[in-house]
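Respectively, the protein sequence lines represent chains A and B. Count along the first sequence starting at 1, add 9, and that's the number in the working numbering. Count along the second sequence starting at 1, add 461, and that's the number in the working numbering.
Since the hints were derived computationally from the structure, they do not count as laboratory data. Quick caveat, the model's predicted, so the values are computed rather than measured. Treat the hints with caution; some may be incorrect.
[Said to hold, decoys possible] Output of the computed footprint for chain B on chain A, the stretches with three or more beta carbons under 8 Å from beta carbons of chain B:
#, stretch
1, 158 to 170
2, 180 to 186
[Claimed, not checked] Some chain B residues flagged as far from chain A (calculated, every beta-carbon gap over 12 Å):
#, residue
3, 720
4, 916
5, 1022
6, 1035
Backbone N, C-alpha and C define an ideal beta-carbon position, used for all residues, glycine too.
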Amino acid sequence: MSLTIESSAIIELFKMRAEAVSAQVQRVANKELALELLVRLLHQEGVEDKSDSRAVCAACPMIGKTERTKLENAVPGLKFEVTRDLAASAKVGISQFDWALANTGSVVQIADEVDKRLVSTLPPLHIALVSTAALLPDIPTLFALIDPSKFSYLSFVTGPSRTADIERVLTIGVHGPGRLIILFVDDLEVAA
Amino acid sequence: MKQEFKQSILDALANPNLTGALGNFSVAYRAGRAKAYEGIDFEALRDQIAEIKSSASSRFEELAEQFTRAAEARGTKVFRTGNPKAVKDYILRLAQERGVKTIVKSKSMATEEIHLNKYLEKAGIDVQETDLGEWIIQLAGQTPSHMVMPAIHMTKEEVTTVFNDKVEDGQTPDIPKLVKFARGKLRPMFLQADMGISGANIAVAETGSIAIVTNEGNARLVTTLPRIHVAVVGYEKLIEHFKDMAPILTALPKSATAQLLTSYVSIISGPVPNTDGTPKELHIILMDNRRNEMAHDPRFKQALQCIRCASCLNVCPVFRLVGGHVFGKVYTGGIGTILTAWFGALKESDEIQSLCIQCGNCKDVCPGKIDIPDLILELRRRLAVEQGQPMIQKAIFSVVNNRRLFHTMMRAASIGQIPFAKEGFIRHLPLFLSNMTENRSLPAIADVPFRDRIKKIKQPKCAEKAAFYGGCLIDFAYPDMGEAVVKVLNKAGIEVIFPEGQTCCGAPARYSGAYEVAAQNSADNIKALLAEDVKYVVSACPTCTVALKHDFIANLEAIGRTEELPAARRLAEKVVDFSTLASQLLDQGLLKFKAGIEPTKFTYHDSCHFKRTLHADQTPRNLMKQAGHELVEMDECDMCCGMGGSYTIKLPEISAPILERKLQNVEKTGAPLLLIDCPGCVMQIGGGLDKRHSKIKVEHTVQRLADMLE
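Okay, chain B solo, but in the shape it has when bound:
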């Protein structure tokens, strides 16, 4: 990671205005969005949008052709080009031919993407942004930090200074007055401008229409007052049918700003008369700039389902800490990372893709149903292929994959004997050894790993068998969790075996983009776990469970090891997370709660993979409630704890404040017990609480359950 990028993160984190504004907004947004979608079947709505957009991107050229014919039949001039430079030249030439001196613009990401303003200004044309946020950052000489709220990073005091310095002295930091001032200053510009430039939120092929969605009313003025209107529209805005705008117009304002509908929606299907009676000159530029290429990429085609609502930014635990500028100059946040890699270059995403902690929040709220975290992993994989795997990483994976060696080294490190203490190496080791000890106590590495401990456990004769997949954390740091699993399953008449050949689940390799390594991990584990005929393959780590159940298949597929897929699928069918299995066994009457359990209050932290991939989040809550305990939900219970595997090591600066917020939310509940279904989260949150000398007990659900059963 380059020092420059690290520094931009540190600068953002040190800006209390930024983190304050974004933090507050993320809380308000979450509640507002939920309210806006009340009574609406979001899943059905986004299925519809995904279908409309995906069907359009499958035939971009056909729709662009249809759009052109329909629009030209109404008198609109349509220019289609793949090349950003051609867009700029077209507009400049038009402006020069028509004697245009001033241009007013309403918000358009497509023109930001090609840096249009600078180009026109160089040629001596006055270009005014009119969206308030865009105007502010234009005056300040900055770039947008958010796709919908471009100036969210600035305080009213900063805005006042910009107005005083760049427009007119004497302004005070009073928001209504600042807004009124902007209205007064921009009004004459609208009235005088010779040309209006807008973007579009939707382009309809069958009618040649564009829809523009705004709140301030500036787009109405930009498309009404100047005699020429130019709309710059990315191909991804194309849809086939007029009526198909409805679901997009339903979702966009709700997802973007938690509004039912924005103040203004303008649907323009052709030139209309100007105020002097002449017909408006309407130009629509359909810009490709790699959208077609993206549409032909089997993985990234999905990203064209984006409707640019920026909800992926609003729910991102990382974005709310660092804001948009860390991501680059145009597109920000989760989807922005993907768009930057395409509309810019893959290597431009090299650093920003590492910001993603893979929590999956954005995937849950995306109205285009885009699996953003998965696409970011795919970027990571392609970057790794393009740049090759660093030597250090190769060395690390060879250690991680040798479980005995890995344990020995971890153990040595944890007791202070670090014979391999080359700075770089230690820092890259997954999970345990981080420079985060300021905020978090680290667990002791067990003297004897679980794989050896289980051999000493006397298990009763059982009718059924389950294979236990430990994963590094339970095997090396929390063997007692593994023992609790054995205890519970034995009570249900299930013998637990620990297949010796099991190795790393491949998540560290996969999340680093090293798919060859991840696929080899998958193959080794499949062989080990299917060696003996067992009824269940159980894991108490959600990341491992997801690997066994989903990622092994994806890893093998990704590098074309298709002959191993049937075995991977056979394994996937047997895999179950601990809480889900325990719940099934209780339902079957194979497990029973003890009588006289003392009820206690508890709170529950949702681990990212457990909730958003396994969808098992209610199961442990219900288990505890069945046993008579009282749940006190914490704020943002399903927000990431900042662990994210090796994220704590790669970006401790970001991980630490995420953890801090989580700890505050846990403490606010007043519950004496915190339950979690993930040993990684237990390590992160438990370590954080321990460092503060908190009295709150942190346990994996299995640890609590083991003592509550007959």
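Chain A on its own, in the form it takes in the complex:
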């Protein structure tokens, strides 16, 4: 799908806000390019099939059986069977988010499945995939859209984990990841 002028302005706002809180933002035109980029990123990070060097990916609607096989072949250290031990020792965690919010630079996910929280919290790098069409202006817009009776754990992620608890000095990466890469994919379906 092609973006209107307004929607590219909203992407720019998202990018500005997310980068201001130390997230990296990338955007690709379609799923194929997204998967290529993902493979490149995982290679860059030195992901391989050794303890402490693996990547874990929670179930993502955009990664079906075929895509999964492709990724597993391209990146041997990438695991789709997430366990807490695997997530705790992994270098990279990958999950798909349901929405993004422009004015705070946040990504939002229904995270009832525990895997989604494990991969986005335990590894030092978290890659969040999100459909460009799921980019909304702000929290009130999101709240107007969702039905809270349909899920039990809603997660908002805005930049990497941070603290300023010692002398008010901002330090990135405490209990959660120290790096967050948000990858917008243009031709994806939006979650219902």
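Given the coordinates of chain A, work out where chain B should sit on it, guided by the hints.
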């Protein structure tokens, strides 16, 4: 004031790390907060929050019931109790029944409030705080000094020592390394813990949801890794609708840490699967602990609108000097004083409430729209009722209310004849005689008070009349300010009268919690000032103006003298501060600036009541600019000067460094002239500059204006 409390203040002031860290933070916070709120209508936002929270506190039980039904329908276990002990027992029993050995906690003020950790540890359970700041103070055996930044009082060197002593030797004071060390040490604890305990920032009745707002990600782990999750939630976190979380989530991070949103917000509406596929056991404890009682108190109900952002701490001129520990063990700062009085006991707030200088900064920034200074005054009033008025105070007010006697005594004291020099008595007299002379020169007490001087002023025939309310400072110390008022108003064709029956404005009594005295002052002044039919009642002291315009009504209402309220309101309508009246008269063409005024640079200090109650802060600036003068704003122009009426006498240790910072900010502007609209601030800042032999001239706006008009 007990010696112990005084000592805790002195200790805090003597700790350069504390005052340095808090001082720097307060500057960064002010700028950061302003930036975070850019493009947002803060007033509209906080109206919305106040409405949501106030509507919730009006029906706590109904919402708690609704919350319980909604949460239980999803499989959450909800326990509601009024009793802190029952909360602790519930958690302990649950832990014992489930064989829990270790617990990880994310930040929760409610559990601090009931001292949960100690209780569980006594029973042999290992409890780990996981918020970095909380972990540090837990290791150090301390209590939080700030509601959002619990370890802000510690330096990296102190943190290093704590880590070396309590965890593992070999750490160095390098903040990223210390943080990494904490991550490494706490990670296995998250993975091993059997139970996670969290608080909640919001609880939604219609869906049984809780929202947890954090930056570090520890709450995500606490609610994800252990098989049991217990959330302890105060009733004040309840709101009705899911969508009503939006304004709170919008304001909370901005007001708390100047962030647009924290790194993580988790909204949990029911149990989710654990990593082994079993369903999580989710317990939510709704704790009352006097919140319902508070909700039924017509004055203090407002305090339940608090969203625990701690912005009232961050803007407080006193907090940034003394930090949180002086306030007590749990809740700190302005709102903390109120919460301590309720969740602890009223008498626990006896000393800490006296820390409030009544500047009103916190009221301006509170996203829950709570009038914190007013509630602190109400605490003071209730304490005074409960404990009775001390004899010494009674004696003082009887002097203060007798204007002639008061002047005679002041005059005698100022020229060194102190026939009543009993130490205690002098120290309690408002305003003039303090032990602060190290930092501030005191004004001479006028030989002839303004009330007598005005009789000698020849005033022209005028069409209109204004009654002038002098107040003690202008009457006794700065009669020339009063003369300048007469001069200006005469030029506008207004005759000034000085009703003899006027007495103390009641502020000293009101701010001491002695409302009977304040109400009597109000009644006497109302009678005196309404005796003659005048167009305006003008004052050049903002504290007095606020008293005449607002507090008289409140004082009479507070003790049920309602039959006098119509007269109080009639008076209030006529009352105007000098600068506002002068500005109106200029606009009406009744006053005109002289030609050929030599332009000068000036800076302006905002007096607390003048800006935050009368909202007249731009008026004198504009008057001076209209006359061609150039304004050089100082840093923190609207930060209190440390005067605060008798605060200088009660807590000179705190007042002095507040003044010091103000003097530095004035001097930094390089302006040769400082204008102020309050004689109290003139006395404080002028006295401070004089003591340093500064060349900067300090004047009340009226003094400068008097010479600039045709």
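Hint check results:
1. 158 to 170: Coverage by chain B holds for the stretch 158 to 170 of chain A (12 residues, Cβ < 8 Å).
2. 180 to 186: As far as the stretch 180 to 186 of chain A goes, the hint holds, because 6 residues have Cβ atoms under 8 Å from chain B.
3. 720: The claim breaks: residue 720/B does not keep its Cβ more than 12 Å from every Cβ of chain A (closest is about 8 Å).
4. 916: holds (59 Å)
5. 1022: holds (47 Å)
6. 1035: holds (45 Å)
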